[in-house]
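Colleague: Here is how the chains run, residue by residue.
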Amino acid sequence: MSDLLLEVTDAEFRYAKGAPPAAHHITLAVRAGDSLGIVGESGSGKTTIGRGLVGSLHPSAGAVLVQGRPWKSIRRRDPVRRVVQMVFQDPYASLNPMLSAVGTVAEVVRVWDGLAARPAVARAEEILAEVGLTGEVITRRPAGLSGGQRQRVGIARALACGPQVLVADEPTSALDVSVQANVLNLLLDLRESRGLALVLISHDLSVVDYLTERAMVMYRGEVVESGPTGSLLSDPQHPYTRELIDSIPGRSALPPAA
Amino acid sequence: MTTTTLAPTPAPRRHWLRLPHWRFAGRHPNGALALGLGLLGLIVLLTIVVPMLSPHSATDIAGTPLSPPSLAHPFGTDTVGRDVFVRTWLGGRNDLLMVILVVLASSTIGTLVGVVAAMGSPLTDSVLMRLTDAIISFPGMIIVMAIALVFSDMGEVGPFPRGALPAVIAIVVINWASYTRLVRGEALSMRSRDFVTAATLLGYSKSRIVTRHLLPNLATTVVAYMVVDAIVAVVTIAGMPFIGAGIQPPAPEWGSLMLAGTTVLYTAWWVTVMPGLVVTVYGIALSLIADSLLAQVDGGAR
Amino acid sequence: MNPDLLTITGLGVEINGLPVLSDVSLSLPSHGVLGLVGETGSGKSLTCRALMGLLPRIGGTVVAGSMEFAGTTLTGLDDRGWAKVRGRQIGFVPQASLNALDPVMTVGAQLKEAVRLLDPGTDVKARSHELLDLVRLPDPAHVLRRYPHELSGGMRQRVMIALALAGRPRLLVADEPTTALDVTVQKAILEVFADLRTATGMSLLLVTHDLGVVADVADTIAVMYGGTVVELGSTQQVMTDPSHPYTAALLGARPTTRAAGERLVTIPGVPAVPGQWPTGCRFAPRCEWARDVCRTQQPALLPLADDRSSACHGWPAPHEEAHAHV
Chain A
1 MSDLLLEVTD
11 AEFRYAKGAP
21 PAAHHITLAV
31 RAGDSLGIVG
41 ESGSGKTTIG
51 RGLVGSLHPS
61 AGAVLVQGRP
71 WKSIRRRDPV
81 RRVVQMVFQD
91 PYASLNPMLS
101 AVGTVAEVVR
111 VWDGLAARPA
121 VARAEEILAE
131 VGLTGEVITR
141 RPAGLSGGQR
151 QRVGIARALA
161 CGPQVLVADE
171 PTSALDVSVQ
181 ANVLNLLLDL
191 RESRGLALVL
201 ISHDLSVVDY
211 LTERAMVMYR
221 GEVVESGPTG
231 SLLSDPQHPY
241 TRELIDSIPG
251 RSALPPAA
Chain B
1 MTTTTLAPTP
11 APRRHWLRLP
21 HWRFAGRHPN
31 GALALGLGLL
41 GLIVLLTIVV
51 PMLSPHSATD
61 IAGTPLSPPS
71 LAHPFGTDTV
81 GRDVFVRTWL
91 GGRNDLLMVI
101 LVVLASSTIG
111 TLVGVVAAMG
121 SPLTDSVLMR
131 LTDAIISFPG
141 MIIVMAIALV
151 FSDMGEVGPF
161 PRGALPAVIA
171 IVVINWASYT
181 RLVRGEALSM
191 RSRDFVTAAT
201 LLGYSKSRIV
211 TRHLLPNLAT
221 TVVAYMVVDA
231 IVAVVTIAGM
241 PFIGAGIQPP
251 APEWGSLMLA
261 GTTVLYTAWW
271 VTVMPGLVVT
281 VYGIALSLIA
291 DSLLAQVDGG
301 AR
Chain C
1 MNPDLLTITG
11 LGVEINGLPV
21 LSDVSLSLPS
31 HGVLGLVGET
41 GSGKSLTCRA
51 LMGLLPRIGG
61 TVVAGSMEFA
71 GTTLTGLDDR
81 GWAKVRGRQI
91 GFVPQASLNA
101 LDPVMTVGAQ
111 LKEAVRLLDP
121 GTDVKARSHE
131 LLDLVRLPDP
141 AHVLRRYPHE
151 LSGGMRQRVM
161 IALALAGRPR
171 LLVADEPTTA
181 LDVTVQKAIL
191 EVFADLRTAT
201 GMSLLLVTHD
211 LGVVADVADT
221 IAVMYGGTVV
231 ELGSTQQVMT
241 DPSHPYTAAL
251 LGARPTTRAA
261 GERLVTIPGV
271 PAVPGQWPTG
281 CRFAPRCEWA
291 RDVCRTQQPA
301 LLPLADDRSS
311 ACHGWPAPHE
321 EAHAHV
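Chains as they are written, first to last, in our numbering: chain A, 1 to 258; chain B, 1 to 302; chain C, 1 to 326.
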């Protein structure tokens with residue numbers, strides 16, 4: 001099937017030979033336009049799966065395929081690399097402190113589209129405008145940007161090579177609630193305008209509920225429950241899922257969805 | 001909005017020895033840097049100008065031996081009657097040229113090896129690091145004396161008097177290893193940061209990651225260390241005459257000047273103390289610069 | 001009605017001559033739980049520091065207002081005065097406290113030291129067990145022998161709370177006590193706080209950036225923005241019927257309040273930089289209801305009906321009282 005972008009079959013991930021698996025028996029598929037949530041707490045293996053999906057950690061058993069090909073067979077400048085890109089958790093560590101916003105994005109365009117310096121900057125400005133950054137702000141280095149602005153630059157960098165899937169690992173957990181809202185809205189906008197598929201890795205069920213159609217719940221390296229996000233939340237089957245739902249702070253005190 | 005004028009809060013008390021936090025330096029964030037650069041500039045200027053304008057040459061017998069500081073001889077004269085003022089500044093010129101060469105060569109070699117170790121295979125890394133460990137743990141003075149001996153026939157080269165280049169080579173041979181340690185550690189911690197992961201995921205080449213993403217972020221740290229190193233290098237260079245190495249007389253140098261004065265320290269203190277004061281001011285100037293650079297590194301981390 | 005244990009009135013704080021807090025007013029009754037909510041740069045942690053007498057360490061000074069605690073005026077206390085209050089009258093769980101335990105001392109040694117120092121004359125061993133019971137740590141004897149690194153994040157946080165309780169304080173101040181923790185652990189810690197209040201009758205001041213966190217535990221909520229308190233009211237009122245546009249926006253920004261696909265409420269612009277506040281209402285540049293008066297005059301925190309207060313010149317809130325100050 002041609003719209004199958006990422007396919008994971010009974011994969012197991014270990015950080016070192018002989019180490020216990022950080023995640024195992026993982027099976028999932030991401031098709032064009034999909035949205036998948038991976039929910040879990042620290043040590044659940046959700047970040048490990050994220051690293052597996054973008055090819056920075058190879059499975060010790062099973063397979064991770066991008067458009068039908070294993071990551072191991074994909075070379076540095078293989079066009080398949082463009083398919084999957086990542087958005088990181090910490091907007092302080094994920095940007096080069098010495099590069100401006102526009103420089104960060106223009107570099108991707110230069111490398112992948114072979115543009116000269118000037119057209120690359122013009123293209124970078126377009127992409128930054130798409131994530132809501134325009135004007136003098138884009139000439140600043142990360143130290144001069146707010147957390148939300150940095151996260152937008154991180155998203156723009158991922159978009160710059162034209163991906164079909166974004167893997168976002170806790171993209172808003174370092175941000176204030178009001179800033180988080182901006183970034184979540186942006187991710188929704190991009191899904192609609194670009195038809196992007198999204199894999200959202202998060203500890204926060206409310207964010208996963210808001211952004212994804214399907215979700216899987218991880219606990220100690222295993223998937224304990226998966227299915228449509230809505231029914232997962234309204235009718236959890238596994239006790240751990242139920243515990244997670246009960247732990248969403250302030251659920252009782254808030255008005256129901258408008 | 002109402003504007004209330006308040007009495008300025010008294011500055012927190014600091015120990016008087018902590019020079020970079022002198023009150024004026026504290027009030028202007030770059031005050032310490034400016035003072036350091038100013039003092040260093042003055043020293044560099046004097047090493048250029050004084051030997052050119054002075055009526056005496058460094059080797060002339062310019063007056064009565066061991067005459068105290070006066071208008072004619074601001075730093076007095078030494079045991080054979082040479083002018084200590086002109087010898088101090090000409091000596092400073094020799095010292096500074098050597099320091100520049102030592103620091104540039106050590107930092108270039110050290111940074112290169114450090115980046116290769118951090119970015120290369122585990123085998124490359126462990127081979128290079130064992131080598132640097134060996135050099136750092138080897139007694140430096142023995143290497144210095146050995147190299148000085150090997151190159152003892154080397155005469156004057158360009159602006160460097162006899163003995164200067166062997167000394168520089170000897171120091172660089174030991175000194176690059178500490179840059180390697182520093183750069184490798186910083187590069188490794190930088191490599192685990194997400195922006196380098198992102199660059200890898202985007203298929204950037206290793207050379208691009210090193211030149212565009214690692215080196216620019218290491219620069220401030222390396223430069224700050226170079227400034228600190230320039231203090232240590234002067235002390236090392238000035239110490240070499242005490243073991244018979246380094247610049248050979250009669251060419252002046254801060255260390256040999258001070259050494260020559262030790263025999264008459266009680267009767268003619270100026271022969272030792274005046275060059276010593278200049279070395280002290282040089283050290284203070286560089287530590288002011290280094291401190292402000294290091295503060296920038298710390299501030300930039302966040 | 002309980003008399004107020006803590007009353008902060010018009011507190012103003014400056015750091016290096018910059019006004020970082022101004023006109024901060026709030027009160028906390030005995031046995032009450034107050035949630036102090038605000039985002040980065042709102043001044044919530046500074047308010048905490050002021051309350052613990054820790055401002056001088058960061059170069060801050062109180063320039064206006066007063067803090068009254070159980071008949072003591074905290075503002076103006078000297079070091080010795082503060083020493084009698086800190087730990088003994090007001091316990092403190094600092095921010096990022098997960099790494100605040102001494103790594104080379106066992107939990108028991110640290111806890112017993114605190115008990116000996118702050119609660120002289122008690123049976124140290126029995127009291128240490130009792131403190132760990134209070135924070136719901138099972139098997140206290142075992143935990144006391146452990147080193148901090150042998151405990152999970154949630155257990156370490158419980159130990160930190162136990163340490164803060166050693167001097168039998170009447171008020172416990174906790175700055176972002178659950179921020180670095182997993183959600184299930186966060187829930188357990190919040191339950192510890194709720195239990196503590198019933199078990200010991202102490203008051204709690206919970207500082208957090210997350211409205212949801214305080215909603216489950218606090219009776220009253222104070223919302224901070226731009227170095228001042230913009231709204232103070234019961235949890236029910238603040239969460240369901242906010243009287244300040246900033247609070248309303250904060251609530252709308254939470255994904256739990258929106259159906260999937262519907263956009264969240266966002267606040268235009270960026271938060272004001274502490275000390276460089278805009279003239280007038282600090283929220284005005286980002287407020288969709290801002291009028292001329294909002295841009296020139298800073299609104300005071302004024303009482304509305306129903307025992308709540310709001311600092312707003314008026315906006316079309318769902319309830320009519322807000323219009324009283326137009």
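Hints may be right or wrong, so weigh each one.
[Stated by the list, open to error] What follows is a set of in silico ranges between Cβ atoms, one per label pair, in the way DEER data are often shown:
{"#": "1", "chain 1": "B", "residue 1": "L123", "chain 2": "C", "residue 2": "P103", "range": "32 to 40 Å"}
{"#": "2", "chain 1": "C", "residue 1": "D102", "chain 2": "B", "residue 2": "G140", "range": "35 to 43 Å"}
{"#": "3", "chain 1": "B", "residue 1": "R208", "chain 2": "A", "residue 2": "K72", "range": "20 to 28 Å"}
[As the list claims (entries may be wrong)] Where chain A lies over chain B, by a calculated footprint (3+ residues, C-beta under 8 Å):
{"#": "4", "segment": "191-197"}
{"#": "5", "segment": "247-259"}
Keep in mind the hints are simulated off the structure, nothing from the lab.
None of these values were measured; they are calculated from a predicted model.
Just so it is clear, CB atoms sit at the ideal spot from N, CA and C, and this is done for glycine as well.
Colleague: Evaluate each hint against the coordinates.
Modeller: Do the hints match the structure? See the list:
{"no.": "1", "hint": "L123/B x P103/C: 32 to 40 Å", "result": "holds (35 Å)"}
{"no.": "2", "hint": "D102/C x G140/B: 35 to 43 Å", "result": "holds (39 Å)"}
{"no.": "3", "hint": "R208/B x K72/A: 20 to 28 Å", "result": "holds (22 Å)"}
{"no.": "4", "hint": "191-197", "result": "holds (count 4)"}
{"no.": "5", "hint": "247-259", "result": "violated (count 0)"}
The structure does not agree with numbered hint 5 stated previously, though it agrees with all others.
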